[in-house]
Amino acid sequence: MAGANKYISSGRRTSVKAGLCQIIVLMLAVTQALPAGTAGQIRFNRDVRPVLSDRCYVCHGPDVENRQADLRLDLEQDAKQSVIVAGKPDESELVRRILSNDPDVRMPPPGSKLELSPEEQAMLTAWIEQGATWDQHWAFVAPRQPMLPSVLTARWPRNEIDYFVLSNLEERSSTPSSEASRETLIRRISFDLTGLPPSLEQIDNFVTNESPDAWSEQIDRLLSSGHFGERMASVWLDLARYSDTFGYQVDRDRYVWPWRDWVIRAFNSNMPHHEFLRKQIAGDLLPDATDEDILATTFNRLHPQKVEGGSTPEEFRIEYVSDRTQTFATAFLGLTMECCRCHDHKYDPFSQKDYYQLTAFFDKIDEAGLYSYRTQSTPTPTLLMLDEADKRRIRRLRDSVKAAEKKLAETAAAADAEFRRWLAVDRSVEDSTMLPNRVLHMDFEAVPGGGNRHTDGKVGMGIRFSGDDAVGTQIGQFSRNQPFSIALWLNTPDHKERAVVWHHSLGWTDGGSRGYQLLIKDGRLHASLIHFWPGNAISIATADPLPVQEWHHVTVRYDGSSRAAGISILIDAQPVSTEIIRDNLYKEITADKRHLVIGERSRDRGFTNGMADELMVFERQLTPIEVAQLTDGHSLATALTTPHDQLSARQTERLFEYFLSTTHNGSRQQLAALTEARSELSAAVDGVQEIMVMKETDRPVTTHLLRRGAYDARGDVVTADTPAILPKRSADAPANRLGLADWLISPNHPLTARVAVNHYWQVMFGQGLVRTPEDFGSQGRPPTHPRLLDWLALDFIQHDWDVKRLLKQIAMSATYRQTSTMSEDHARRDPNNDWLGRFPSYRLPAEMLRDNALAVSGLLVDRMGGPPAKPYEVEVSFKPADRDSGPGLYRRSVYTYWKRTGPAPVMMVLDAVKRDVCRVNRERTASPLEAFVLMNGPQFVEASRVLAEQLLAEHHTPQQALPDLFRLLTSRPATDREHSVLTGLLAEQLDYFGQDAERTKKYLSVGDHTADTEPDPASLAALSAVANALLSYDECLIKR
Amino acid sequence: MNNSSFPDHPNRRRWLQTFGAGLGSFALADLINRPTADAAATSSLSSSAVRHIPRARRIIWLFQSGGPSQLDLFDHKPLLKQRHGTQLPAEVRKGQRLTAMSGNQSSLPLAGSPFRFEPHGDSGNVMSELLPRTAQIADELCIVRSMQTEAINHGPGVTFMQTGSQFPGRPSMGAWLDYGLGSENEELPSFVVMVTKGKGGQPLLSRLWGSGFLPSRHQGVRFRSGGDPVLYLGNPGGISAGSKRSMLNALQQLHEIKLQTSADPLIETRIAQHELAFRMQQSIPEATDVSSEPDHIFELYGEQARNPGSYAANCLLARRLAERGVRFIQLYHPGWDQHSGLRKGVTRQCTETDQASAALVADLKQRGLLDDTLVVWGGEFGRTNYCQGKLTATSFGRDHHPRSYSVWMAGGGVRPGTTYGVTDPWGYNVAEQGVHIHDLHATILHLMGIDHERLTFRYQGRRFRLTDVHGNVINGLLA
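Top to bottom, those sequences are chains A and B. Numbered according to my numbering, the first sequence spans residues 151 to 1190. Numbered according to my numbering, the second sequence spans residues 13 to 491.
One or more hints might be untrue.
Lysine to aspartate or glutamate pairs mimicking DMTMM-like chemistry, simulated, CA-CA at most 25 Å apart [as the list claims (entries may be wrong)]:
#, chain 1, residue 1, chain 2, residue 2
1, A, 552, A, 769
2, A, 503, B, 480
3, B, 106, A, 618
4, A, 1151, B, 240
5, A, 263, B, 480
Just so you know, these hints were derived from the structure itself, not from any lab. Everything numeric in this text was worked out from a predicted model, so none of it was measured.
All chains, please: the whole structure from these sequences, using the hints.
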């Protein structure tokens, strides 16, 4: 350890003893503050690592680049060989450094702007004194089955969970809280499992049910409700950064809600959690993957996507891959891998290479960096959303196409006799320079306009392109079923990296390249037909570059088959060797209202200084002899005028092709029939909605380490692999997302099950056992109950990752059933409820607040799934959208239209996250804006009135309705004092509305809902106001 | 077992006083003691970030969205006029990336500004004829001609300027300041956003005033023009302030009853929240009601100031909010994206903003507010010295340019009557004294009394800063 010695010798050793004296008192204080029963023992993972990590690892941690003095404090061996002498603080350089007042010696150095508090200094010193025991970071070691701890109050625990919680409380000489009232419990569990309040009937049933199974039955009832899936999904959507729009700046709508419904179905069918993850990560790669399995992978396409003109596509493609990687790490592993995008992790043992190896699982799809501004194409790869009837129909149409193709071949094969007859007898000498089906001929003899120049051409004059000026035509809106040929003389001045020769499209990246095009890329000719580049296209490229500064005749032919094999390129009439670049065209290519354009494309590189001559377009796949005719001016003419018995075999063969294509009625009719069959097929597919999914590309994708995380700073090539510190993937697992998913869900994985049970614990308790669910690393907070977390994780795995079982297990515990009332002892010693000695209370999430109001008023439209709903609030969003009328106003909030650049404003006020990136936790605040929303927002005002209306229909007077009103909104009866407050308020409001019919009318006209009954307006308005006030009452909006 | 804790009412407040300090993570402190709440709630680092006496107490940021052309406003380049129509030399561009809009053009012809430039005031600060009113406050301005960013497109560019990162997810500057400094007026939001209404141009997004990973109470509150300035601020139809008061009184009584059986800070929070909301129902309309402003003020800002939602009206509102202690007032004026038709477009933009921007500075000054109010004018990037598309005698456009652009600041401790930074004679690269966005942020935080390296928030295990791991305070900008 030469470096470490250098480190030690660099400072003076004077003040250690003095510093130690000062610290003794604090050491005592620190060890006394530890839980009773731990005998003042400092625990490395709980006490030491968080401090070392936070204050020291930036310079003395895993990051090689920034490591100072070659010292690592994240590795026991390194630390103990250099700056820590176990048991001897006064000989430990670390102690000398942290206690020194000399700015040159002191650690952390003043310039770091990091400090150790006196308590932390004392704790570290005491830890070394106690022997400096080390431990691996808990989260990177697979959980081991813990023993159930013994407890003193043996009658309290109801299941295993409680032993862990109670023993911890007892260690601290504290006690759990009593069981909450039945009203509180049914309200709590109803919101936790379904996101909705209990009905009065449900409350009564539970409160009066004396069966020992009453609670268990309630849980089962709620778990089997369809609303369970909606509730669980509303949490999962934050994590999946679900949005109904693409995000970034333009933020157009996109079609992804079928994935949201998949999530709801998955929860309702109690899909095992590991399957749930596996399908979302790699559903497309499962053996015999169904459409449902593939749909699950939309998860990895939900990140924001870019369309802004002028953006660099690769920059954003890399951003998408990074987002998938980081979401995977945060959501499933609880790791902050994004730290390693630019450099090795500062705190956790992950290298930058680990990060990019992980990205290599997520970049093997045929995607573009930008979606299409000028078309509505779904960014590839996609899944066609077909129902069974569609699938049958399309299968039938495919069969028809195949049959027509077969028949065309048979017709040609049987045409020999007719051909012979035509050769011998019917062959008329036509004008062979005028090939049939020609729709355009440009000879460029006239002086071109714009910046293009006139030049000596191949035949007479030609054109020299500026690269910035297009030559337009009036033809070329071909469908993908239309055979066509485009021929011209071409002379490229130099080896073009990229140049557009001709195209029919709405733009390059701006239009997803939809259309067809001939480009020169890296000197080679690329001919393509495209719906959305790159995943929905056919494209071929010549093997060799086009020679420069020479005229060559270039013909691109297409047969209407939507297959790459159906495109061919002939240079100087010779077929040339080509490579298939893409072969997956399954939607239309026509770019509406555009024509064929030559030499330029907006925001693309034009054919600068390239020359062209004699451009011709045919609505037919030319035969080779015709192309030869275009090139040499005589091949076809000669063959046509040669007596049939003097034709060479080759001439005969080529004339046969010519005959079939231009003359033979049977073939031409059959081709028309084939085109018709193809048109029917494409018409059936073109209208089908697509959804973005994951699909491995068969083309090789090379993944690079990116220096500083910059898309254009490529470093070494890396291959897909999981982080080195975590268990290895099994040797026979494929190096793709399926292999990754199987690694993730392997039972010995230290993180997956812990992260999962922590997630569901958070669903039930509002906060996880790990309070930093986004960070299980060394900077995160250690679990409040490490052994409980491990026990739950292992139990979860042993029970096949059964989510409903886990939730029931939690709900059945005495821990969950505690009251939320804070005892003085807890308030003093455990204000953050780290000991779980009471149920944590917190304000209901945005979705529940709104759904509650809709549910109690009976307005809630109980329909599952479907396109996003647009309630009142979307019209006052920063990006207003037209709101729905009717049912769309009253759907559950999980269905509310989510627009990233202007999310539903009520939900934002109520602490929803924006869903730009994966979030596994919501902040909870209590801003005054929340009060405006609840008391003035039309959704809540209207719901209050409809609730009042329902109650007035049942009760004769508003006064009589008060008890039910209070109970509906709090799930418990009002006390006398509370009742008198409500009575007083009602009287004031009756008085207020009784004075003025106009204000009553106004108040009663908020929202679209019209009453079925005709209650007294003042009574209705007054009771509505009481209901509205109660919506802001603690027990209505706080989960207790 | 103890499940009903402190029934006796008089002790409740004492109990809260005793234990309230330990309840840092509860929202109670947020409302009752907001200015210091975050320091207690998150870490000592936040409070220790406030290191020195601030020069500015508040910021009005006049964001000119789209990328105003510095070459036609502040950065006079006669060479471009001389070389008008000739190609951008490769040695000037040095292979830097261009946007995909003009990056594939065969020709990149230089375009001189058609506008006249002159020095103004004692300082001799130079600006073009498009800014006659701004010229009148030239001696108040600190013009930075050497701003640099990394983004070449609007979304990333604006996000960078407002959050210190090109990519979504970080808190905006106003949120950072609210987190670090808290509010000076509890009855108004401390971070207010106003967007000029009815402007097309590049779309803005609410993330620009979002709180990122900071608690969401730090997010900017957008004041709407016309109707409620704040979402659902006004009572529903038919409900008067008195009627609302009676609802709130009942609610408070219920909460008091509840408090007697369970002393929970959440309930205190709830009571305080509703009281504050009720007061804001008065204070916000009062702050946004300009009807009491005298005519000469409307003359100063321009008649458009009578048109709610206009830039001028927003500037006037900005002054009223500054007077009332709002910490961060963010205006957005879109439409500066002159890819083509620059001459007409930029003239229109200046007509809309010149007078009111200058009036705001002058008005703050005459009220003695300019000393501790920092006004910032500028956009997300500049524009190219070459023409995007065809350069013709009558029309031209400029593409996005991140390498150099101009902003100005006034008041709040910046050096008045200065021009800082020099670009090369082509107006392409910074020649001297470059100011990166991170530097601008560091400097602005410094003016607010904050050490930008100490204003941190721990999220996902890392201490995040507005300036990431970059940024230097530019002393040359300080008075």
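Going through the hints against the structure:
Using a Cα cut-off of 25 Å, the hinted pair residue 552 of chain A and residue 769 of chain A holds, with the two alpha carbons roughly 22 Å apart. Taking the CA atoms of residue 503 of chain A and residue 480 of chain B, the gap is near 22 Å; set against the 25 Å cutoff, the hint holds. Distance hint between residue 106 of chain B and residue 618 of chain A is fulfilled; the C-alpha atoms sit about 22 Å from each other, no more than 25 Å. This hinted pair checks out: residue 1151 of chain A and residue 240 of chain B have alpha carbons roughly 21 Å apart, not beyond 25 Å.
As the CA atoms of residue 263 of chain A and residue 480 of chain B are separated by approximately 14 Å, the hinted pair is consistent with the 25 Å bound.
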